[in-house]
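Novice: Each chain, written out:
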Amino acid sequence: MISCEEAVRRLWQHLELPATDAENALLDAHLALCRRCCGEAEFAVELRGVLRDLPREELPPGAAQRFEELISRLEGRG
Amino acid sequence: MTAVRDATAFGVLARERLPALYALARRLLPEDPEDLVQECLLRAFRRFGDLRDDVAAERWFNAILVNCAKDRYRAAARSPEVPVDPVDEFSLFRTIAAADPFPYSDSLHVDFLCRFGSEDLHAVLGELPELYRVPLVLVHMEGYPTREVASLLQVPVGTLLARLHRGRKLLERRLWDYAVDHDLLKDGDR
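Chains A and B are the protein sequences, given in the same order. Under the working numbering, the first residue of the first sequence is numbered 1191, with each subsequent residue one higher. Under the working numbering, the first residue of the second sequence is numbered 760, with each subsequent residue one higher.
Bear in mind the hints are in silico, worked out from the structure with no lab data behind them. Predicted model only: the values in this text are computed from it and were never measured. C-beta atoms are modelled at their ideal positions from N, C-alpha and C, and glycine is treated no differently. Just so you know, not all the hints are guaranteed correct.
Unchecked claim - According to the in silico footprint, chain A covers these stretches of chain B (three or more CB under 8 Å from chain A):
(1) 817-827
(2) 857-866
(3) 869-883
(4) 910-918
Stated by the list, open to error - Estimated spans, in silico, between C-beta atoms of each pair:
(5) A:E1213 / B:A822: 24 to 34 Å
(6) B:A921 / A:R1225: 23 to 33 Å
(7) A:Q1255 / B:F849: 36 to 46 Å
(8) A:L1260 / B:T918: 41 to 51 Å
(9) B:V814 / A:S1193: 42 to 52 Å
As the list claims (entries may be wrong) - Which bits of chain A does chain B cover? Going by a derived footprint, with three or more residues having C-beta under 8 Å, they are:
(10) 1200-1208
(11) 1218-1225
(12) 1244-1253
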């Protein structure tokens, strides 16, 4: 069976790159027996959700105005 | 397609993309997002003939923005590799469990994350070295496939995965340090 360290590394990698069936099986086998890594897995998903759901910064009005002026100038060049 | 049509079409697409471009620029270069977007618009205008299908405009503008950011990092010679130890060995999950900052909580780890407001998270992310922040932003925040980010950043997939791993570990460490430094661990404060 893979170690806890390896399991945690794979947990995140599974969120980043599709894994093969064999790789999934190795991780599933570890999680079936290791309660702590199940907690790590849930936490990884939570942390990723926090990052994904972080609100986007809004465009400040002053910057929007300056971008508009730039785009208008570029359109004039066309 | 005439030059006038090109310039007009560019204006329409650029205006549509502005809010998202600015938001991405804030994540890639927090200290100067406006300048980064301006540079991106100028570069995009010069290369507008390369955009064959307006449907691809989002990815096309974003790729130019990422390249502008990369040039900035390179020019500033920033973002050195972070030494492997002790960052790679840090586990936020285990640290929270060991410290047990909210003894009456049934969901200790979720409660920890809930202590962070948007400003706190932006502050922590903004302090990460670009080398690690950019992959995290593109993969975990913007939802780009890992292989596409590797291609965009012109690095092998294995290198990108290593940077994502290191970036996550740095993020975990800095979330903990930030929570300690900013009194986010006091039970019942928030």
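Novice: If a hint holds in the structure, say so; if it does not, say that too.
Specialist: Each hint tested on the structure:
1. 817-827: violated (count 0)
2. 857-866: violated (count 0)
3. 869-883: Holds: 6 residues of the region 869-883 of chain B have a Cβ under 8 Å from chain A.
4. 910-918: Not satisfied, violated; 1 residues make the cut.
5. A:E1213 / B:A822: 24 to 34 Å: holds (30 Å)
6. B:A921 / A:R1225: 23 to 33 Å: holds (29 Å)
7. A:Q1255 / B:F849: 36 to 46 Å: At roughly 44 Å between Cβ atoms, F849 (chain B) and Q1255 (chain A) fall inside 36 to 46 Å, so the hint holds.
8. A:L1260 / B:T918: 41 to 51 Å: violated (35 Å)
9. B:V814 / A:S1193: 42 to 52 Å: holds (45 Å)
10. 1200-1208: Contact hint for the region 1200-1208 of chain A vs chain B: holds, 5 residues under 8 Å.
11. 1218-1225: violated (count 0)
12. 1244-1253: holds (count 7)
In this structure, the earlier hints numbered 1, 2, 4, 8 and 11 are contradicted, and the remaining ones agree with it.
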